[in-house]
Amino acid sequence: MIGAVVRAALLGAALVLSSIGAGGDAGAPANGSLPGGGTYLIRPGGGADVAAVALWYRAPAGGFGTDAVPALGRLAASAVAASRPVTGTSLSQFARQIGGRLTINAYPESIAVSLVVPAARASDAVQALTRSYFAPVMTDLGLTLARRSVVEDGAIRSFDSGAVITDAIYATLFASGPAKIPPFGTSSSYANVPIDVVRAFAERAFRPGNALLIVTGAVDSSVVTAALPGREDAPPNAETPAPETLAGVRGPVQARGVEAGFGLGWAGPPISDEREATAFDFIADYLFYPDTGVVQKAVRNTGSSVVGTFVTYHNPGVFLLTASGGDQAAVHAAVDAGLLAIRHPLDAAAFAAARHQFIYHILSDDETASALADTYGWYSVEGNPGYAPGEGGAAGRYLAAANALTPEFVAATAAKYLDRPGAAITISPPPGGLPR
Amino acid sequence: MMRQLLLAATLALTLAAAPRAVDLGNAKMYAQSDDGAQLTGVEIIVSAGTARQTVAQNGLAALTAQTLLFTKVNGTRLSDRIAAAGGSVDYAVAPGTVRFSLEVLPSALGSVSADFARVLAAPDTSADNVAAAREAVGVRIDAEERNPVTVGVEMLHSAYYSGTAGAPEYGTRASLAQLGPSDVSAFLAAHYLRGNTFATATGLVDDTASAAVNTVIGALPDGSETPPAVTAQAFPAEPRHLVTSRDIGVPFAFVGFAAPAMSDRQFAAMLVMRSLLNDVAARQSTTTLATYQRGINIVYAYDVKPATFTVAINGSQLDPTAGLTVLQAILKTALTKPLAPDVLKRFQETARGEWALEAVTLTDRAWLIGAAVNEGGDPGLAQSVDAAIGRVTSADVQALAKAYLQRYTVALVLPRRRN
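Each protein sequence line maps, in turn, to chains A and B.
The first sequence begins at 791 in this note's numbering and counts up one residue at a time.
The second sequence begins at -14 in this note's numbering and counts up one residue at a time.
Since the hints were derived computationally from the structure, they do not count as laboratory data.
The reader is advised that the hints may include incorrect statements.
As the list claims (entries may be wrong) - Residues on chain A that point at chain B, a partial pick, calculated with CB under 7 Å:
#1 872
#2 889
#3 939
#4 1082
#5 1086
Don't be surprised by glycine CBs; every beta carbon is placed ideally from N, CA and C.
Let the hints inform the model, and build the full structure from the sequences given.
What follows is the structure in structure tokens.
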């Protein structure tokens, strides 16, 4: 699963290639190659008369070099969206004018630019997205707007205790690699980044060969013909996953935050281990899904905000939880009890109910075109599109794995990973509390 | 089973067909089936909203709905039973109705509908259950009180609607404390009637879904009532000013207007006006701004007839005084000068897009169908709005402004002073 943390921020190398237009009948799913390189994935669906059009890129959020700039990816993607080319309008203006919704998300290993539009404007959206990103234009005004936007996002996030703890978990769990670099950063980290650096990142990250175009909703596969080819001089290949190195055993980390809290994180199975990854999705759902998770129910009256999720990365995945505010002792007790209990097989009736809930949550979370596009984009860019929930129906690999889970396998998988050392973060508010 | 679990991604494109009316015998259902859907969304709509309350019963509609969800079946609350079966349930209270929103795995429809029917047939109105429900509604009230927008909109609704139709959705903690098991029992007996109820359904809607809805509504006693009167009070010539304070950081200002409901002729023109107002005060941004990042937000409650149109000015983004000045200038222009053709065309385009994105989840789509039916309109009304927006003229917008936007009420929600 993408994970609640990632989805809240919102909310394929292995694709089988074919040529444009050869994807088959209107309305059928289609995969293929884009004219300028890169790949596309079209997944038509019924329901609301809308389309989600997204470009996903494998690109470290902090940049490709050794001197990472936190939030560089977000800054670059935002600057391109806000920059007006010599002719026409910026992507931001296009979205606003047609009443669509434009979002940009940067994750440790990827960047996503997504438009949700009326279905009748899906081709226009494909054209506007590919025009903006396949030959990116970056103006001073666009970069100024992007800096403002990233500063604002970062400021808001700095008051999100869960997000602060999440960043600390990643920084503790990893010794190096994209996951160690926070995708937001602070304004001081990117305020003075020269436009040339941002532009260079955009030209490498957003080149057509590195692109994955996802279209879902009330569309047919012909929508892909609206994609523009982009720059001819851009390297045609896609980026390969950057290696992530775990830090190994480390003691608990203390940090300051706006309120008391704690976080725990472990390296989990890679996306290629579908059985174990699905088991961890189940564990996160069983313990931490809002309202229904057993830990969530236990902490309902504590005044604390608890989030727990498994994030299906290329390698390794990350299982993490954050708890902030409220009665911390009570939350610690509930979390410890939950993490201990899940190492033992659930009884058959409880397991059956939990799996029903899990499958319902998977389907419900992906019921809109935009959510489905996010899921396809994530699983593709992390290297296992065929495992995306939503792909292949009941015979698809994700739901098959979910239906094949057993209490014993879930417990064994939990014990296998959670018995290993992980990251432990404790957040304390400043002495005397925050100024009012 | 195979068909029920097929994913949207694997099926041929099937756009949502127009909702169709299904006579279930026990009640009417309006269904919009998506062949690619994997879940079934159902709304059970009961004519038991705030307008059915007396002044002394503020919050009773919500308390009753919550009591039902907390009623136990085989020792487990209905809401938990539905979750364990693979689904979810919630409720929303409006002046005319209470809506129960169900979303479930199709394979769970049988057990969920049987459970819901048992609860409707034998609700637990014991003191303990009502007390638990009262606390749960209280938590919702607390959340609403922390949100300045809901506070402002509720103030305006209270001033706009006559009688209890304008009462707050969940009541107040003080009013709930006065309500007990006998009130809930009497409310159920008086208003939870088969003839007061209809359903809408979206997603995978087949014969199993129809049977499930029939089972639920069939558990209600026979009978019906005249729909409650939901009427508005006339605006005085001079705008009223309402002021309150809450524990918030910045002031919020609200301007409340009467507005055409979804089934009214001028609805499409109001959507164009909404797009215009949304845009003029919006700052430049790289991506679509979240609600809290916008200086002006519109809350258009077109699912109630008569409807309301509230302009909310967010003091963290825009000085309320400046916002009110801008709004007055726009309205003055709209009243005196027709929109230029290019301006009209631009905001028609924006309005069409915003409307398409208005309701995309199963629950929201089911709500929209229900809103149209409840207003006496065609269940497929939502699908005709795009074309109606395209037919809006500058004269229509000007006529709309004259009919609805000349009189209004102002509400202010200010930060509470601290010693």
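Could you check the structure against the hints above and give me the numbers of any it violates, in ascending order? Number 5 - this is the single hint that the structure violates.
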